[in-house]
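K.L.:
Chains as they are written, first to last, in this note's numbering: chain A, 1 to 262; chain B, 1001 to 1637.
Incorrect hints may appear among the rest.
What the hints assert, rightly or not - Label pairs and their calculated CB-CB ranges:
(1) B/1367 - A/139: 49 to 55 Å
(2) A/4 - B/1389: 55 to 61 Å
(3) B/1185 - A/218: 35 to 41 Å
(4) A/25 - B/1474: 51 to 57 Å
(5) B/1307 - A/4: 37 to 43 Å
(6) A/80 - B/1393: 21 to 27 Å
What the hints assert, rightly or not - Okay, the calculated bits of chain A under chain B, using three or more residues with CB under 8 Å as the criterion:
(7) 39-49
(8) 58-72
(9) 134-145
(10) 170-176
No wet-lab data here; the hints were simulated from the structure.
These numbers were taken from a predicted model, which means no experiment stands behind them.
For glycine and all other residues, C-beta sits at the position ideal for the given N, C-alpha and C.
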Amino acid sequence: MKFTLNIWRQNGPHERGRFITYEAQDVSPGMSFLEMLDGVNQRLLGNGEEPVAFEQDCREGICGSCSLVINGIPHGPDQGITTCQLYMRRFSDGAFITIEPWRAKAFPILKDLVVDRSALDRIMQAGGYISVNTGGAVDGNVILIGKDQAETAMDAASCIGCGACVAACKNASAMLFVAAKVSHLATLPQGRPERARRVSAMLEAMDREGFGSCGNQYECEAVCPKNISTRFIANLNHEYLRAGIVESSLPSEPESPHAESS
Amino acid sequence: MTRLDSKIPSGPLESKWDRHRFSEKLVSPNNKRKLSVIVVGTGLAGASAASTLGQLGYHVECFCFHDSPRRAHSIAAQGGINAAKNYQDDGDSVGRLFYDTIKGGDFRSREANVYRLAQVSTQIIDQCVALGIPFAREYGGQLANRSFGGVQVSRTFYCRGQTGQQLLLGAYSALCWQIERGQVTMHPRTELLDLILVDGQARGIVSRDLVTGRISAHTAHAVVLATGGYSNVYYLSTNANGCNVTATYRAWKHGAAFANPCFTQIHPTAIPPGGAHQAKLTLMSESLRNDGRLWVPKVSSDHRLPGDIPPIDRDYFLERRYPRFGNLAPRDIASRAVKVVCDEGRGVGPGGQGVYLDFSEVIEQQGLEVVRERYGNLFDMYHRITGEDAYQVPMRIYPAPHYTMGGLWVDYNLMSTVPGLFVIGEANFADHGANRLGASSLMQGLADGYFILPYTIGHYLATAKLLSIPDDHAEAREAIQRVETRVNRLLTVKGRRTAAMFHRELGTLLWNHCGMSRNEGGLTSALQSIPKLREEFWRDVMVPGSGSAFNQELEYAGRVADYLEFAELLCHDALHRHESCGAHFREEYQTEDGEPRRDDGRFAYVAAWQYRDGAVPVLHKEPLAFEFVPPTMRSYQ
Chain A
1 MKFTLNIWRQ NGPHERGRFI TYEAQDVSPG MSFLEMLDGV NQRLLGNGEE
51 PVAFEQDCRE GICGSCSLVI NGIPHGPDQG ITTCQLYMRR FSDGAFITIE
101 PWRAKAFPIL KDLVVDRSAL DRIMQAGGYI SVNTGGAVDG NVILIGKDQA
151 ETAMDAASCI GCGACVAACK NASAMLFVAA KVSHLATLPQ GRPERARRVS
201 AMLEAMDREG FGSCGNQYEC EAVCPKNIST RFIANLNHEY LRAGIVESSL
251 PSEPESPHAE SS
Chain B
1001 MTRLDSKIPS GPLESKWDRH RFSEKLVSPN NKRKLSVIVV GTGLAGASAA
1051 STLGQLGYHV ECFCFHDSPR RAHSIAAQGG INAAKNYQDD GDSVGRLFYD
1101 TIKGGDFRSR EANVYRLAQV STQIIDQCVA LGIPFAREYG GQLANRSFGG
1151 VQVSRTFYCR GQTGQQLLLG AYSALCWQIE RGQVTMHPRT ELLDLILVDG
1201 QARGIVSRDL VTGRISAHTA HAVVLATGGY SNVYYLSTNA NGCNVTATYR
1251 AWKHGAAFAN PCFTQIHPTA IPPGGAHQAK LTLMSESLRN DGRLWVPKVS
1301 SDHRLPGDIP PIDRDYFLER RYPRFGNLAP RDIASRAVKV VCDEGRGVGP
1351 GGQGVYLDFS EVIEQQGLEV VRERYGNLFD MYHRITGEDA YQVPMRIYPA
1401 PHYTMGGLWV DYNLMSTVPG LFVIGEANFA DHGANRLGAS SLMQGLADGY
1451 FILPYTIGHY LATAKLLSIP DDHAEAREAI QRVETRVNRL LTVKGRRTAA
1501 MFHRELGTLL WNHCGMSRNE GGLTSALQSI PKLREEFWRD VMVPGSGSAF
1551 NQELEYAGRV ADYLEFAELL CHDALHRHES CGAHFREEYQ TEDGEPRRDD
1601 GRFAYVAAWQ YRDGAVPVLH KEPLAFEFVP PTMRSYQ
């Protein structure tokens, strides 16, 4: 198979980028999309040119590193997979394929197709955890969790943090990402004590990082490689509303929840 | 290097760890604030260690090469995590988990370490539940278990087929908390390129910022490596592409002994390679062997479609050879059995590299829906990669390098032979002997990080004489100089072949001569070929761009350069071990029916290799004493 690729090249965060056209030759239908790009890069190297920078690692759809917008769709045409799980048999021979990085204000481009997604980590640091020390936990079976509840938490917890939801959203909102984490922890009894603080802190961090707000158009769900449902966004809104009510009964100026006697 | 002192506490097995913890010195809370620890790697071991050390009050500098600590390769572990909870009341206990692990490791691990691992396994589950990990549950709300990977009890806890992901996200969330509290400073997109030793103690690292290319020194009071294994030395493996040996290899060159490098686990159930373009192999979870049956045609000339081959013409080779364990035989045994039938020309699929993993029987007995619920995501994955529907036709599988039991030598306190350099998780050698059982790597990573290192490092910090040193200490400047020289050397070769070409060639060489089975002739020829390949690399490698910018080829070339040296150590170890044990199968040492012949008289020791500049590494032996489980032939027949 042969393909014509239109790839976004950009040298650094502050430089102008542009599309450059490359030919991909000798592609077999059983090749993954990233293996096809590996082939292009090996040829570029052979010609003394700089290869196209793109992010990848596990190549089995779980690490969340890979991040390409393929013909306008984050992670490409198929639902429920990451770019590394996309195979060339999905494309017709001779096709013209456009490859771009995630585009969002909160994800500055580092080089070519590689973007900086550390904003997602900072949202997590704002509250995406249960404040529990190592050691002294009660026996795992003391906390009974119904199967359905555990499955719902697991549906939400499947998020791989790739950022496709942000890339697909015209507002570059990270609502689905935040909703997944908030819902995972709020569904479980262990996460309940901090649920109000968590949702507020994470949403504040989301705004601070420059992500937009939800446009209610569900593009995020359509491109999510783990099929995380937008009903978790409904759940997030519920949690936020609930937090507003709960927080009005908290002390007016709560100290930082994580302040230590340092 | 002086004598290897494993520092195993004396006394009864059951109370060694408790007594050891009591006799260890503690660091007072006031002093913890003045101490800093570097943790390299944020997989299960690194993230759990960094978060726990931060919580204890140390200042932690944590490094990873990914853009986020959540992406380390622990995330890809599918099957589950073992713990001796005995929730199923099926006869499990700490003693049995200990026994299974010692036996599974083919009597090449330390009793005291393994017993401790089994002891803390139960705490790990409790801790993970507290962190909000959504383990599978029964309808009544209790934790669910399954049987996994060559054991006869159900002690494996799981989160669908994404257990590693959930455990890592749990450890990552704990890490996030400590970052928010200011106890941990995170350095993502940063790669360790050298160690800093001051007065023989590990006091820091030199790292390269992968975005700006800036090379800098970071000093601390101790250094923890949690940098994973080296399966990618084979080029094709189930590991993520970024996994590499660089950190542990650099530590080796600074005097840390490397133990049992030849114990490399080949996982039986990966999707067979498809062609030269193949960048990595995809693992299909071992849990598939709970319900799938492995078979090949009885005769090599049978080219019928699998559905057309009647049962009488099929060879269910694992069930035939190992009737007691059948398709659940441990990994090393299953992989080798696959190799045997493929070498006989009975393999299926392209190149004859594959055997069937057949679910038709369980689908018939229990229904398609049951199978879909259990393995749906794996069947989907298989379909995407191969284009085949495994509900209709049997899967094809072939073994692939997966995990490395070998690693830097550590004592009972998880400290290497370099004082102040601790090594945890897959990066050390300690607990799995010559073969690791399924669902034990997650257990070991979290045991080391949450429950063992945080105690043992305290004793070191409380007792070692550690003057404070600046980041521009003479040793640090020298280490920076070494790294800069090497980076420039890679960039100035300007040859014609890419790093991937060298890596692929090395991988093929090792897979053929130091893979699933090894012999003296093959290993000797590999030891002659590797230095030549390495010379060619330094003469002809092509690395474009500059060192002071984002440069993925430069990162990769540096890792390949280290593989090209490390491969030699791997072969030396495989050559010296004149026995077959666990994952190490020497063709010269087998019984008439092809079972491995272990030699406890001569080889019941840990082989710890010491680096010597420009010479063959020196072998040091740590004898293994089995006081509590007398070594037996590991028979699964």
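K.L.:
Would you mind marking each hint as holding or not holding in the structure?
P.N.:
Evaluated hints:
The hinted window of 49 to 55 Å between residue 1367 of chain B and residue 139 of chain A is violated, with their beta carbons roughly 35 Å apart. A hinted range of 55 to 61 Å is violated for the C-beta pair residue 4 of chain A and residue 1389 of chain B, which are about 32 Å apart. In this structure the hint that residue 1185 of chain B and residue 218 of chain A lie 35 to 41 Å apart at CB holds, the actual value being about 38 Å. Taken as a hint, the range 51 to 57 Å holds for the pair residue 25 of chain A and residue 1474 of chain B, whose Cβ atoms sit roughly 53 Å apart.
At about 40 Å, the beta-carbon gap between residue 1307 of chain B and residue 4 of chain A stays in the expected band of 37 to 43 Å. Evaluation of the 21 to 27 Å hint for residue 80 of chain A and residue 1393 of chain B yields a pass: the beta carbon distance comes to about 22 Å. Only when three residues or more bring their CB closer than 8 Å to a CB of chain B does the claim for the stretch 39-49 of chain A stand; here the count is 6, and the claim holds. Counting residues of the stretch 58-72 of chain A whose CB lies closer than 8 Å to any CB of chain B gives 8, which reaches the minimum of 3, so the coverage claim holds.
Check result for the stretch 134-145 of chain A against chain B: holds, 10 residues qualifying (beta carbon to beta carbon below 8 Å, three or more required). Only residues whose C-beta sits within less than 8 Å of a C-beta in chain B count toward coverage, and the stretch 170-176 of chain A has 0 of them, not enough to reach three; the restraint is violated.
The structure is inconsistent with the numbered hints 1, 2, 10, although it conforms to all the rest.
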